[in-house]
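Chemist: Note that the protein sequences, when read in sequence, are chains X and V.
So for the first sequence, the working numbering puts the first residue at 1; every next one is plus one.
So for the second sequence, the working numbering puts the first residue at 1; every next one is plus one.
A couple of the hints might just be wrong.
Dumping the calculated EDC-like pairs for lysine to aspartate or glutamate here, alpha-carbon to alpha-carbon at most 20 Å [to be verified]:
| id | chain 1 | residue 1 | chain 2 | residue 2 |
| --- | --- | --- | --- | --- |
| 1 | X | K96 | V | E44 |
| 2 | X | K166 | X | D41 |
| 3 | X | K168 | X | E70 |
| 4 | X | K73 | V | D111 |
| 5 | X | K139 | X | D106 |
| 6 | V | K226 | X | D155 |
| 7 | X | K168 | X | D178 |
| 8 | X | K73 | X | D86 |
| 9 | X | K27 | V | E50 |
| 10 | V | K226 | X | D86 |
| 11 | V | K223 | X | E160 |
| 12 | X | K96 | X | E59 |
| 13 | V | K142 | V | D212 |
| 14 | X | K96 | V | E43 |
| 15 | X | K72 | V | D111 |
| 16 | V | K142 | X | E88 |
| 17 | X | K185 | V | E43 |
| 18 | V | K223 | X | E88 |
| 19 | X | K96 | V | D39 |
| 20 | V | K226 | X | D106 |
| 21 | V | K223 | X | E82 |
| 22 | X | K27 | V | E43 |
| 23 | V | K223 | X | E78 |
One side only, chain X facing chain V, incomplete, derived with CB under 10 Å [claimed, not checked]:
| id | residue |
| --- | --- |
| 24 | K27 |
| 25 | P38 |
| 26 | L53 |
| 27 | M60 |
| 28 | V64 |
| 29 | L65 |
| 30 | K73 |
| 31 | S74 |
| 32 | N83 |
| 33 | D86 |
| 34 | Q94 |
| 35 | Y184 |
Between beta-carbon pairs, the in silico distance windows are [said to hold, decoys possible]:
| id | chain 1 | residue 1 | chain 2 | residue 2 | range |
| --- | --- | --- | --- | --- | --- |
| 36 | X | L164 | V | A305 | 13 to 23 Å |
| 37 | V | D247 | X | K166 | 49 to 59 Å |
| 38 | V | L257 | X | K185 | 14 to 24 Å |
| 39 | V | F222 | X | T22 | 51 to 61 Å |
| 40 | X | G125 | V | Q241 | 57 to 67 Å |
Bear in mind the hints are in silico, worked out from the structure with no lab data behind them.
Each residue gets a CB set at the ideal place from its N, CA and C atoms; glycine is no exception.
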Amino acid sequence: MKTIITLFFALLFSISAMNAQTRYFTKTGTISFFSHTPMEDINAENNQVTSFLDIDSGEMVFAVLIRSFEFKKSLMEEHFNENYMDSEKFPKSQFKGSIVNINKIDFSKPGKYEIQINGNLTIRGETNQVETSGTLEIKESGEIDGKSTFNIDVDAYGIEIPKLVKDKIAKSIEISCDMNYQLYKK
Amino acid sequence: MALPMINLIAIMRMKNQLCSIVLVFMLTGTISRSQSLMDLLDEETGNQVEYTTATFKSSRIINGHSIERMQAGQLDFRIHHRFGTLNSGAYEFWGLDQANIHLGLEYGITDWVMIGIGRGTYQKTFDGFVHFSILRQSSGKKTMPLSLSAYTTMAINSLKWENPEQENYFSSRLAYTFHIMIARKFSERLSLQLSPSLVHKNMVETLLDANDLFSVGMGGRFKLTKRLSINGEYYYVFRPQHSTDADLFYNSLSLGLDIETGGHVFSLLITNSQPMVEKGFITETAGSWLDGDIRFGFNISRVFALK
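Use the sequences and the hints to build the structure in full.
Modeler: Right, dumping it as structure tokens:
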């Protein structure tokens with residue numbers, strides 16, 4: 001009986017220990033976007049992105065508060081929230097996906113690894129599939145740096161661009177992510 | 001025989017207890033395991049303060065200030081224009097032959113302090129103001145039902161003295177206005193503002209007129225589309241009963257249409273006020289809507305990012 005119990009405990013602890021060591025997170029991730037047209041370049045940055053990464057399953061999730069995007073021109077920021085993103089109605093954007101080739105990464109060995117990401121991106125309540133590539137850098141300190149850049153079409157998320165500013169806002173927006181993950185302990 | 005029996009029961013009990021302990025552990029294990037990344041994400045991003053923005057499209061409802069102000073490092077160049085009165089008839093092209101203008105430069109020192117200077121046709125007035133944002137409407141982690149601003153402005157009448165032969169003082173040219181602005185964005189479309197005000201004039205026309213006039217401004221906007229809103233504004237002035245200006249002046253009532261196009265906001269409006277500075281339109285509106293003393297006008301705001 002005793003042995004069984006000890007075994008149980010050992011098993012339980014090992015499970016919880018395994019759990020704890022596969023989850024990484026950040027609350028200060030950076031997501032920026034860039035819109036380029038011959039008339040005007042627009043970019044904005046959000047340094048308060050929350051993201052979790054499970055290095056066991058490859059699962060990753062992101063939450064982005066739209067109001068946290070910062071523009072150089074504050075009026076532009078206001079219009080972004082008010083006229084284009086409806087931030088009051090849709091305060092948050094989300095990404096839920098996974099690193100497809102997670103098995104090929106040796107997390108015990110520091111270095112830079114190419115990754116393939118697949119998932120669903122929700123902006124303004126509209127969800128679309130996103131496939132992109134990026135890099136994971138395993139650092140000596142145990143932190144993981146994740147980077148990726150991809151493009152999205154504003155049309156796909158129901159973002160209307162009025163005729164008057166059509167020449168100033170690109171139809172395809174470049175999104176860049178830079179996440180510095182740390183071990184999630186809780 | 002009795003002793004071992006008791007022992008057995010005791011052991012059975014212990015076993016039960018242990019079993020339940022193990023069970024509890026297993027359960028907690030599965031619970032923590034089943035907490036998905038999505039749940040964790042919601043937990044971590046849960047409650048944040050969300051400040052209400054864009055209560056109004058620009059720093060004016062029509063004539064009076066709104067709680068909106070320039071953010072730090074932003075400069076607003078404003079051109080306000082009022083034509084003559086509609087009832088001046090065809091000879092004056094229903095007022096369009098006459099022009100009154102007010103030019104202003106307004107700048108955000110920080111996100112909550114804005115200053116501005118201006119010059120207007122009415123009484124050749126120079127003016128300057130400071131606008132402090134004290135409370136910001138917010139929801140989420142911190143709930144604040146309304147926004148509150150304090151505003152003060154000074155106007156300098158620069159007309160030549162009527163009686164240059166007598167001794168005139170510069171201080172007689174000055175008038176001050178103080179506003180407390182209380183606003184709430186009720187919905188994406190509807191915003192309302194209340195502006196209790198005090199206008200102080202260093203010099204008034206007659207002994208019967210008060211140097212201090214209290215008034216209350218009411219204004220609001222209703223958004224028709226994302227870039228189009230209709231605005232209304234009314235100032236009720238509490239005048240002393242026997243003052244001469246009670247017969248001369250009316251309360252200011254204005255209706256407008258705000259059109260926003262990127263860095264510009266155009267306001268097309270009709271009003272019975274010719275002056276565009278506070279002490280003027282609040283206390284010296286000479287036109288009456290009922291008599292047709294209605295003026296067409298517009299405000300243009302162009303914002304430059306200096307920082």
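Chemist: So, for every hint listed, does it hold in this structure?
Modeler: Okay, the hints, checked on the actual structure:
Between K96(X) and E44(V), the direct Cα distance comes to roughly 15 Å. Compliance with the 20 Å bound is thereby established for this hinted pair. Annotation: proposed proximity of K166(X) to D41(X) holds, straight-line Cα distance about 13 Å (limit 20 Å). At roughly 18 Å between alpha-carbon atoms, K168(X) and E70(X) fall within 20 Å of each other, so this suggested pair holds. Taking the CA atoms of K73(X) and D111(V), the gap is near 13 Å; set against the 20 Å cutoff, the hint holds.
Restraint check for K139(X) and D106(X): satisfied, since their Cα atoms lie roughly 12 Å apart, inside the 20 Å limit. About 18 Å separates the Cα atoms of K226(V) and D155(X), which keeps this hinted pair within 20 Å; it holds. Taking the CA atoms of K168(X) and D178(X), the gap is near 26 Å; set against the 20 Å cutoff, the hint is violated. With a C-alpha separation of about 18 Å, the suggested pairing of K73(X) with D86(X) holds against the 20 Å cut-off.
Taking the CA atoms of K27(X) and E50(V), the gap is about 17 Å. The hint holds against a cut of 20 Å. For the hint pairing K226(V) with D86(X), the CA-to-CA distance comes to about 10 Å; that is within 20 Å, so the pair holds. Using a Cα cut-off of 20 Å, the hinted pair K223(V) and E160(X) holds, with the two alpha carbons roughly 17 Å apart. About 8 Å separates the Cα atoms of K96(X) and E59(X), which keeps this hinted pair within 20 Å; it holds.
Distance restraint check for K142(V) and D212(V): the Cα-Cα separation of roughly 38 Å exceeds the 20 Å cut-off, and the hinted pair is therefore not satisfied. Distance restraint check for K96(X) and E43(V): the Cα-Cα separation of roughly 15 Å lies within the 20 Å cut-off, and the hinted pair is therefore satisfied. The hinted pair formed by K72(X) and D111(V) meets the criterion: a straight-line CA distance of about 14 Å does not exceed 20 Å. Distance restraint check for K142(V) and E88(X): the Cα-Cα separation of roughly 16 Å lies within the 20 Å cut-off, and the hinted pair is therefore satisfied.
Restraint check for K185(X) and E43(V): satisfied, since their Cα atoms lie roughly 14 Å apart, inside the 20 Å limit. Proposed proximity of K223(V) and E88(X) is supported: the alpha carbons are some 15 Å apart, at most 20 Å. About 12 Å separates the Cα atoms of K96(X) and D39(V), which keeps this hinted pair within 20 Å; it holds. Using a Cα cut-off of 20 Å, the hinted pair K226(V) and D106(X) is violated, with the two alpha carbons roughly 51 Å apart.
Between K223(V) and E82(X), the direct Cα distance comes to roughly 12 Å. Compliance with the 20 Å bound is thereby established for this hinted pair. Restraint check: the Cα-Cα separation between K27(X) and E43(V) comes to about 12 Å, which is no more than 20 Å; the hinted pair holds. Among the hinted pairs, K223(V) with E78(X) is consistent with the structure: their alpha-carbon atoms are about 16 Å apart, no more than 20 Å. Below 10 Å, beta-carbon pairs count as interface contacts, and K27(X) has one with chain V at about 6 Å; its hint therefore holds.
The beta carbon of P38(X) is not positioned within 10 Å of any beta carbon in chain V (closest approach about 16 Å), and the interface hint is therefore violated. Interface restraint check: L53(X) against chain V, minimum CB-CB distance 8 Å, threshold 10 Å, status holds. The interface hint given for M60(X) is met, as the beta carbon of that residue sits about 7 Å from the closest beta carbon of chain V, less than 10 Å. About 9 Å separates the beta-carbon of V64(X) from the nearest beta-carbon of chain V, less than 10 Å, and the hint is met.
Taking 10 Å as the C-beta contact cut-off toward chain V, the hint placing L65(X) at the interface holds, the least distance being around 7 Å. The interface hint given for K73(X) holds, since its Cβ lies 4 Å from the closest Cβ of chain V, which is under the 10 Å cut-off. Residue-level restraint check for S74(X) holds (minimum Cβ-Cβ distance to chain V is 4 Å; threshold 10 Å). Hint status for N83(X) relative to chain V: holds, with the closest Cβ pair at about 5 Å, below 10 Å.
Nearest Cβ of chain V to the Cβ of D86(X): about 8 Å, under the 10 Å cut. The hint holds. With its C-beta approaching chain V no nearer than about 8 Å, Q94(X) sits inside the 10 Å limit, and its interface hint holds. Against a cut-off of 10 Å between C-beta atoms, the interface hint on Y184(X) holds, since the closest Cβ of chain V lies about 7 Å away. Distance hint for L164(X) and A305(V): a CB-CB separation of about 19 Å, consistent with the stated range 13 to 23 Å.
The hinted window of 49 to 59 Å between D247(V) and K166(X) holds, with their beta carbons roughly 55 Å apart. Separated by about 57 Å at the C-beta atoms, L257(V) and K185(X) break the suggested range of 14 to 24 Å. Separated by about 53 Å at the C-beta atoms, F222(V) and T22(X) satisfy the suggested range of 51 to 61 Å. Our hint of 57 to 67 Å for G125(X) and Q241(V) holds, since their Cβ atoms are close to 59 Å apart.
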